[in-house]
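As a plain string of letters, each chain reads:
4 protein chains.
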Amino acid sequence: MIGGTGYTGVELLRLLATHSAASLGVITSRSEAGTPVSDLYPSLRGSVDLNFTVPDATALAQCDVVFSATPNGIAMTHARDLLDQGVKLIDLAADFRIKDIPTWEHWYGMTHVCPDLVAGAVYGLPELNRSVIAQAKLVANPGCYPTATTLGLLPLFEGARGDDVALVDASTLVVDAKSGVTGAGRSAKVANLFSEVADSFKAYGAAGHRHHPEIWQNISSVTQQAVGLTFIPHLLPMLRGIHATIYADLLDSAQPLEAIHERFTNYYSNEPFVDILPLGQHPETRSVKSSNVCRIAIHKAVGSNKLVVLSVIDNLTKGAAGQAVQNMNIMFGLDETEGLSSPAIMP
Amino acid sequence: MIGGTGYTGVELLRLLATHSAASLGVITSRSEAGTPVSDLYPSLRGSVDLNFTVPDATALAQCDVVFSATPNGIAMTHARDLLDQGVKLIDLAADFRIKDIPTWEHWYGMTHVCPDLVAGAVYGLPELNRSVIAQAKLVANPGCYPTATTLGLLPLFEGARGDDVALVDASTLVVDAKSGVTGAGRSAKVANLFSEVADSFKAYGAAGHRHHPEIWQNISSVTQQAVGLTFIPHLLPMLRGIHATIYADLLDSAQPLEAIHERFTNYYSNEPFVDILPLGQHPETRSVKSSNVCRIAIHKAVGSNKLVVLSVIDNLTKGAAGQAVQNMNIMFGLDETEGLSSPAIMP
Amino acid sequence: MIGGTGYTGVELLRLLATHSAASLGVITSRSEAGTPVSDLYPSLRGSVDLNFTVPDATALAQCDVVFSATPNGIAMTHARDLLDQGVKLIDLAADFRIKDIPTWEHWYGMTHVCPDLVAGAVYGLPELNRSVIAQAKLVANPGCYPTATTLGLLPLFEGARGDDVALVDASTLVVDAKSGVTGAGRSAKVANLFSEVADSFKAYGAAGHRHHPEIWQNISSVTQQAVGLTFIPHLLPMLRGIHATIYADLLDSAQPLEAIHERFTNYYSNEPFVDILPLGQHPETRSVKSSNVCRIAIHKAVGSNKLVVLSVIDNLTKGAAGQAVQNMNIMFGLDETEGLSSPAIMP
Amino acid sequence: MIGGTGYTGVELLRLLATHSAASLGVITSRSEAGTPVSDLYPSLRGSVDLNFTVPDATALAQCDVVFSATPNGIAMTHARDLLDQGVKLIDLAADFRIKDIPTWEHWYGMTHVCPDLVAGAVYGLPELNRSVIAQAKLVANPGCYPTATTLGLLPLFEGARGDDVALVDASTLVVDAKSGVTGAGRSAKVANLFSEVADSFKAYGAAGHRHHPEIWQNISSVTQQAVGLTFIPHLLPMLRGIHATIYADLLDSAQPLEAIHERFTNYYSNEPFVDILPLGQHPETRSVKSSNVCRIAIHKAVGSNKLVVLSVIDNLTKGAAGQAVQNMNIMFGLDETEGLSSPAIMP
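Residue numbers (full-length UniProt numbering), protein chains in the order written: chain Z, 1 to 347; chain H, 1 to 347; chain F, 1 to 347; chain R, 1 to 347.
Note that these hints are calculated values from the structure, not bench results.
Take these hints with a grain of salt, some might be off.
Taking lysine-lysine and the PhoX-like style, the derived pairs with C-alpha atoms no more than 25 Å apart in a straight line are [as the list claims (entries may be wrong)]:
#1 K99/F to K88/F
#2 K88/R to K99/R
#3 K137/F to K189/F
#4 K189/F to K189/H
#5 K189/Z to K189/R
#6 K137/Z to K88/Z
Label pairs and their in silico Cβ distance ranges [what the hints assert, rightly or not]:
#7 A57/Z to A21/F: 40 to 50 Å
#8 A33/H to A134/R: 44 to 54 Å
#9 L279/Z to N51/F: 49 to 59 Å
#10 A191/F to G162/R: 37 to 47 Å
#11 A259/H to A57/Z: 48 to 58 Å
Derived list of chain H stretches under chain F, where covered just means 3 residues or more per stretch with a C-beta under 8 Å from a C-beta of chain F [as the list claims (entries may be wrong)]:
#12 181-191
#13 196-206
Note that beta-carbon positions come from the ideal geometry of N, C-alpha and C, so glycine has one too.
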């Protein structure tokens with residue numbers, strides 16, 4: 001692992017600690033080099049015995065796969081070296097998610113140092129790209145909001161091969177998304193203090209958020225329609241969990257909800273980590289806390305022609321570290337659920 | 001006060017305790033009759049010396065105004081007696097909010113016992129109905145979601161007299177609303193236990209919610225357009241606060257946001273309890289905690305033609321008890337801000 | 001399982017779902033008979049496929065072991081039948097914890113129906129009674145406060161065989177204990193509503209709490225001294241976790257803290273679920289969230305002769321369901337950590 | 001006001017905004033100079049119109065009183081100048097609380113620059129020092145833990161004049177104290193992030209805390225006995241509130257609790273901000289949220305000879321800004337409750 005002092009890192013360590021086929025060789029952090037991992041995270045005392053080390057190319061080159069759990073812009077500086085040495089790379093940041101380089105550079109405010117690698121990177125959403133992930137050397141692990149949103153929308157469009165009939169007007173998508181505070185990371189900012197966010201709620205990034213182009217890219221890949229997407233994120237006074245409330249105009253307002261529900265259920269019938277709730281239910285974020293599952297419910301709105309999709313994930317698990325482990329499992333031909341089968345903790 | 005054992009009741013007691021022109025004569029509760037108010041609410045020890053009593057028509061008839069803070073369906077059984085004796089009535093429940101009786105009976109699941117009084121009742125949103133509130137005998141205090149939503153939408157339409165130009169297409173309204181748990185009341189239900197709702201988030205009532213027709217009625221009163229409204233409420237793991245995220249298609253996509261912002265600012269320039277934030281800001285629910293203020297921000301979405309309005313209130317204050325006191329002040333010719341001028345507590 | 005609709009029940013289901021040697025045969029609940037477990041607990045969708053059933057002696061008799069996760073006073077009515085049929089019983093309630101029957105009857109307010117079974121029951125704290133648990137037919141799973149407190153105190157006394165030197169004066173014990181709200185159970189009570197306990201803190205049961213005699217019994221079993229115990233519980237506005245802050249007068253005020261720390265470390269050196277923190281640290285309840293570990297730190301107070309022991313557990317895991325699984329593992333000769341090795345989730 | 005960007009500052013601004021006799025002339029902050037106060041704290045929009053300014057001796061000299069709400073060690077550098085110009089000073093930090101200079105320098109890690117002023121400063125706990133506060137030029141506003149603890153202990157000793165009989169052994173005091181997170185201030189530290197402290201609980205400072213000598217000094221001033229004090233603070237996952245659980249050995253174990261309760265009630269019978277709860281009750285921190293009240297309950301422990309005192313305050317109000325306003329009221333001959341009479345918000 002490169003990085004690993006943030007919440008995504010500790011979640012990855014938690015999951016790998018009980019993974020039967022993975023063994024953590026090295027974990028790097030410039031700022032914490034020399035510190036036992038379990039000093040920073042006492043929850044891992046007895047489970048993880050490594051110390052953080054300064055990044056060392058030789059040590060990393062001996063791994064089968066490297067997880068990069070660093071801030072945006074770091075993985076792109078390591079990627080070529082690792083790949084050249086035959087090490088597979090799963091980047092949990094955003095460096096390889098967006099295919100259009102100018103778009104990426106606009107939203108992330110930096111110049112991309114290896115655009116050629118972006119072209120070959122595989123967007124690591126197994127429900128969309130499982131077969132190519134299996135062959136991938138470089139996987140761009142999806143963002144948390146895009147994971148919850150894309151899984152909630154996928155069954156509504158023609159699909160990557162255009163086989164299905166689209167059910168909704170892709171130009172009318174509204175995604176009102178809410179995230180727990182761990183999504184904001186572990187850096188020392190006044191805005192993320194307990195006393196600033198507890199017992200309160202707000203929208204943020206209403207003028208534009210980096211996950212907008214990522215969601216747009218995903219949906220555009222499965223529909224011929226022009227995608228019009230409104231995306232507004234909000235900050236929840238809780239630790240883990242993303243809830244995406246998705247609104248879209250039905251193309252056929254007479255379509256019975258039962259038929260749409262059946263389509264969702266069939267679409268995900270072989271997916272180990274997507275659960276379509278019975279009609280009438282509403283998913284709670286706690287129902288996926290610490291698990292790699294995405295739970296989805298669909299409703300028809302009163303007073304309009306809109307379909308409403310409710311999609312929840314744990315931002316640190318299916319929205320980050322769990323999905324990274326799922327991708328690793330696929331890349332190495334392991335059982336896709338290995339290390340990921342514990343039910344959510346409740347409550 | 002009739003009722004007063006719930007959170008709306010204790011908030012009303014808190015506000016009246018420092019109101020210079022109001023004196024609480026009697027507070028009724030069948031279930032708590034005989035109990036000192038301050039036994040149920042130690043926060044009021046030293047501020048409120050009354051005991052709860054069984055409802056007594058004679059005692060209530062001596063009041064200038066009665067607040068009814070009971071469950072839905074109770075105030076309508078008391079209203080005629082009180083009004084006949086010259087007592088003004090402010091109902092904090094829903095009995096007199098909806099003008100269309102079949103609609104009310106559909107959503108509230110009971111037969112209305114005094115439809116004639118509904119016709120004469122005034123919907124107590126001062127920013128919409130101040131002058132008629134001043135003359136009213138019976139005020140229907142608005143619901144919490146409708147208050148936040150309606151205040152966020154009012155400046156966008158022609159207005160009650162049709163003078164203005166509508167800015168948005170009324171058929172495209174999406175209201176994604178979130179409420180703190182106090183909005184669910186104080187009855188003993190498993191669903192509202194701390195261990196059920198803490199550190200979690202969910203939508204509820206996606207198949208239809210009672211506040212839908214109330215919002216629809218409000219907006220329909222200020223536009224000639226047909227109103228198409230999607231309304232989905234959610235439950236926040238926090239005590240107080242409502243955040244309405246409102247989406248609407250702009251009729252003129254070239255309209256600069258600055259002009260819309262100016263319209264909001266002008267619209268509410270004389271309102272003591274509506275605050276339009278500077279462009280670029282996002283209101284936090286905590287910025288209105290325990291206060292009667294509604295704070296509103298507006299944004300233009302990236303990737304679509306939608307205006308996004310963010311509106312926050314404290315559900316127990318501007319969304320219930322505070323607005324009731326504001327209505328009382330107006331009905332009795334008092335300074336409208338009397339008893340309501342304390343800033344929000346922070347944090 | 002008998003019972004299983006409460007938080008202890010769902011935690012037990014979570015742990016058993018990934019236990020390699022246990023298979024859940026039947027789960028009973030009179031109130032939820034016929035309901036799929038995963039309807040009540042969507043977190044278990046895909047992991048637990050059983051329905052709740054009415055208690056059926058025949059079905060229970062086919063199990064190797066029955067967990068009773070019912071309110072106090074129920075297990076004692078089932079115990080003899082199960083034991084007579086050769087089924088082992090682990091009671092997660094209090095029916096078999098207290099050896100002195102009049103004391104039990106005083107604190108639990110009912111008549112015990114099988115005092116003879118109490119005598120043969122084993123108090124299921126493995127760190128105290130491992131060898132007898134291995135032979136037990138009937139295990140009384142300890143209470144949550146007593147688990148955290150007893151583990152924090154055990155190394156300070158002579159021990160069950162009187163071999164060691166006592167370090168503290170057993171007549172001076174003060175246990176200031178704090179519990180998350182899940183410890184209060186899942187019944188519908190106003191006092192446990194989110195809106196009643198969130199963002200607040202209080203002591204409760206200061207006039208006497210049922211866990212007092214249980215702690216007293218435990219400590220009295222490992223010292224010749226007369227035990228004087230003050231125990232005050234408090235309610236934390238959080239889901240899971242117990243923190244016991246324990247004060248005791250040192251018998252030798254000159255004893256260096258390092259020596260006491262070494263004694264703790266040695267005492268628990270072979271224990272898989274007790275972790276003594278390095279000197280100077282303070283355990284956080286989140287460091288054991290969802291795990292079966294108890295973490296302990298010791299300090300010497302400024303300004304007095306008191307030793308301060310800080311002990312944390314997850315009340316649902318080491319304080320209930322996890323310890324029950326640990327006991328099952330011991331009773332059936334399994335690896336004691338089977339099903340219990342996942343690190344705490346963080347945060 | 002000097003300082004005012006922290007939580008104590010914004011609480012002081014909230015209280016002064018509705019104070020009938022106080023007008024805020026200037027508020028200083030080097031880091032935020034030029035920023036409108038209401039930009040930093042939108043909760044004050046419409047209530048406070050000032051901008052932060054750089055500290056300016058001339059402007060401050062025109063005030064009747066200056067509140068210093070800065071970090072420790074700042075007020076002592078301003079004090080002499082202000083006092084020399086006839087400006088009264090209320091320091092909300094610790095600079096003037098401890099009479100013994102070496103003790104202060106030990107705990108606060110700096111050299112005191114004006115020890116002579118310490119001698120003349122008045123410790124601003126009105127319940128202890130009302131008459132001298134009325135004459136004071138320089139008031140040291142007490143710490144939050146010391147306020148809750150001292151008020152809980154005062155009635156148990158001989159009193160400053162030695163008139164009463166002591167009820168407890170002063171050498172046996174244990175104070176297990178818990179504070180909401182606002183007590184930790186508003187600086188950007190990882191340890192105070194929401195994701196670090198939410199849904200968790202821990203002790204801190206077990207090896208020694210700065211409030212220990214302050215409590216010791218207070219108690220020593222009202223008893224001839226030698227004071228032995230153990231003080232352990234803990235961090236609660238909530239915003240506001242302190243709960244001190246205080247243990248002390250009764251000198252006469254036969255003393256009925258009723259008599260002790262009567263003594264507490266009589267002791268505080270004329271105090272506007274101390275409320276002794278009826279026997280059997282437990283104070284909740286929320287019962288004083290945003291108010292200047294301290295609520296106290298007393299219990300006799302089961303199984304020992306200890307008296308247990310439970311004392312709650314809001315750390316930002318009675319524990320800081322509210323007490324500062326109370327002191328100002330006393331110093332200027334105003335009604336002591338002016339600006340402080342709003343009941344606690346609930347919930």
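Do the hints match the structure? See the list:
Among the hinted pairs, K99/F with K88/F is consistent with the structure: their alpha-carbon atoms are about 19 Å apart, no more than 25 Å. At roughly 19 Å between alpha-carbon atoms, K88/R and K99/R fall within 25 Å of each other, so this suggested pair holds. For the suggested pair K137/F and K189/F, the alpha carbons sit about 35 Å apart, so the restraint of at most 25 Å is broken. Taking the CA atoms of K189/F and K189/H, the gap is near 7 Å; set against the 25 Å cutoff, the hint holds.
Between K189/Z and K189/R the CA atoms are separated by roughly 7 Å; this keeps the pair inside 25 Å, and the hint holds. Using a Cα cut-off of 25 Å, the hinted pair K137/Z and K88/Z holds, with the two alpha carbons roughly 5 Å apart. Roughly 44 Å separates the CB atoms of A57/Z and A21/F, a value that falls within the hinted 40 to 50 Å. The given range of 44 to 54 Å is respected by A33/H and A134/R, whose C-beta atoms sit roughly 45 Å from each other.
Taking 49 to 59 Å as the suggested C-beta distance range, the pair L279/Z and N51/F does not conform, at roughly 20 Å. Take A191/F and G162/R: their Cβ atoms lie about 43 Å apart, and the range 37 to 47 Å holds. Take A259/H and A57/Z: their Cβ atoms lie about 56 Å apart, and the range 48 to 58 Å holds. Remark: the segment 181-191 of chain H is confirmed as covered by chain F, as 8 of its residues place a Cβ nearer than 8 Å to a Cβ of that chain, reaching the required three.
Restraint check on the segment 196-206 of chain H versus chain F: 4 residues with Cβ-Cβ distances below 8 Å, three needed, restraint holds.
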